[in-house]
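Novice: Keeping their order, the protein sequence lines are chains B and R.
For the first sequence, the numbering used here assigns the number 1 to the initial residue and increments by one for each residue that follows.
For the second sequence, the numbering used here assigns the number 1001 to the initial residue and increments by one for each residue that follows.
Everything labelled a hint here was simulated from the structure, so no lab data went into it.
Source: prediction; values computed, not measured.
Check before you lean on any hint, since a few could be wrong.
[As the list claims (entries may be wrong)] Incomplete in silico selection of chain R near chain B, CB under 8 angstroms:
1. A1067
2. G1164
3. D1218
The beta carbon of each residue, even a glycine, is placed where N, CA and C say it ideally should be.
Listed below, chain by chain, are the residues.
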Amino acid sequence: MRSPRFALAILIAAGVATASCATYEPSDQPYQKGAAFRDADIAPAVHPALDTDEAGLWMTMEEAEHDLKTAGNLVRDEALNAYVKGVTCKVAGPYCADIRVYILRVPDFNAMMAPNGALVVWTGLLLRTRNEAQLATILGHEIGHYIERHSVERWRDIRTKTDILMFFSIATSAAGVGYVGNLASIGVLASIYAYSRDNEREADDVGLKIMADAGYDPREAPKVWARLIREEEADEDKKSRIVFFATHPVPEERLDTLKAEAERLASTGFQGGIGVDAYDAAVLPLRAAFLRDELDLRRFSRTEALLNMLIEDGANVGELQFYRGELYRLRNGDGDLDRAMEAYREAENSDGPPPELFRSIALIHMKKGESVEAREAFSRYLALKPDAEDREMIRLMMEPAG
Amino acid sequence: MRRLWCVVVSAAVAAVLTSACATKTFQQINTLERDDSPLRVVLMPLDVQLSELTAGGLHEPKADWTASARVNIRDALVEAFRGRGAELAVYVEGPGDPQVRRDQIQLAVGQTILVHKFQPALKLPTKENVFDWSLGPKVASLRDEYDADYALFVFVRDSYSSGGRVAATVLVGILSMGRYILPGGQQTGFASLVDLDTGNIVWFNRLQRGAGDLRTLDAARSSVSVLLTDFPK
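Based on the provided sequences and hints, a complete structural model is requested.
Specialist: Next up, the structure:
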């Protein structure tokens, strides 16, 4: 049995070697404008040759992109699309024409880059980034995946590892040492996963450089993660882990690395913009819909933390307080109706509460049996929104009982 | 490694089961309605993808093979229809096309038919002796645009074993003394003919072969003739 075991040891060694040589280390070179693009793996406007594995990946993605164009949850708002596309172009520089942006209405924080340059941004992300520099951080990260050609790198890595695994399984089965084979397959699977995390580290690094190149303040980058960590820590039920974290390096590690890198960039005397007004002008008109989607997930503790952070930022606080009230009214636990009413009062005294505020106030009065106050709030709702879709039902509810 | 053998065995069993019935056709009608003018059929954009089966069992999509297969299948279909005295008009994609939606509906309906008509365990009681799937009447716009009576949709996925896969197959065969066979490349797909007046699928055929090569015109002709088995006369 000696020789099969020897062969096995070599195979394990080979597996470990391929797994560990892929680690990405950010360079400690001083910041140089345009360096990330100069070192990129693919040149602008380049399509892979038809007989390559990369062309195969592009082909598959092009078909998926057809479906994306007609997706029911594709956000078609022209102003928002033009804005996100514009920021993407600023960050992508010479690669602007290679990247196509699709905004999907999904209430979670995520963005994805396909090998052929199709970039998907979820609305849950736009709800959570708070200025153009933070949005540029994520877009830069995704563009980093594109210019470093991570998809094809990862595909080749997975193909090599599954090939090794196949021959390895045959060898171990023949040698009658199946359990070692199982352990090794776990090792290979873990390294496939770890490899993608190295890609993420590299994309973080490239993203930070190109957002800074585009004139954004790199110190905004770690703030994105800090806010996500704060939101996740507030999650009492721990059942809704942020999707983006699942495949990415531990957020704390990422936060620290980004913070250090951003400070290093900033210490070279780099001055960058943040871009709050343009961001708010594009995102705020649609934010109510994004907040409604978020509430529909019924993950109240997380959403509460998110709303509190947004209220601290202070844009359209009336709208945010209204949705905080909605959260308590929907959760309907001990004391929640009072909390809701308190939030609604805050909303009334702040900027931009929607007319629906008074409908919600009326509903709480009804629950408490305060019919006079309920009628009064309902009529305020109808006065503010005379063509409301539910006006007939509201009038019916306003009629005295009996 | 019991699990590997288990996977290998079940895959082999599946391969044997599926290859036993190479094609199976479901027809709603036997004869196309024809008037004096020659029959015109629109060939919708081919949903074809070729891939290489790696040693580890992954499918690697191949853009160059796919591009030539699309041309070969189209040419073979045009020939086959000409041989039947019918004319095949190739659909031309334009900007702002509703084509994508149509493809999605066709794919969803086609896959439903494959699952619920071809898998005995998954047959639907309400569809026991009927074949009434439809893409809906909106396809009528195609009838006017192409002056055609029917539309032909073709979906094919074809895979070829890589050198590594062949080596693995041989190794498994030798080590198991022929008891287990690693599945190799497969040609699967379906074709459906849609009546452009009603949107109803009037003919449907499944393609399932362990052999064949769509990368050359000659071999594509043979696959197309299998695909068109029992095509209404």
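Novice: Flag every earlier hint the structure violates by its number, smallest first.
Specialist: Structure breaks hint 3 only.
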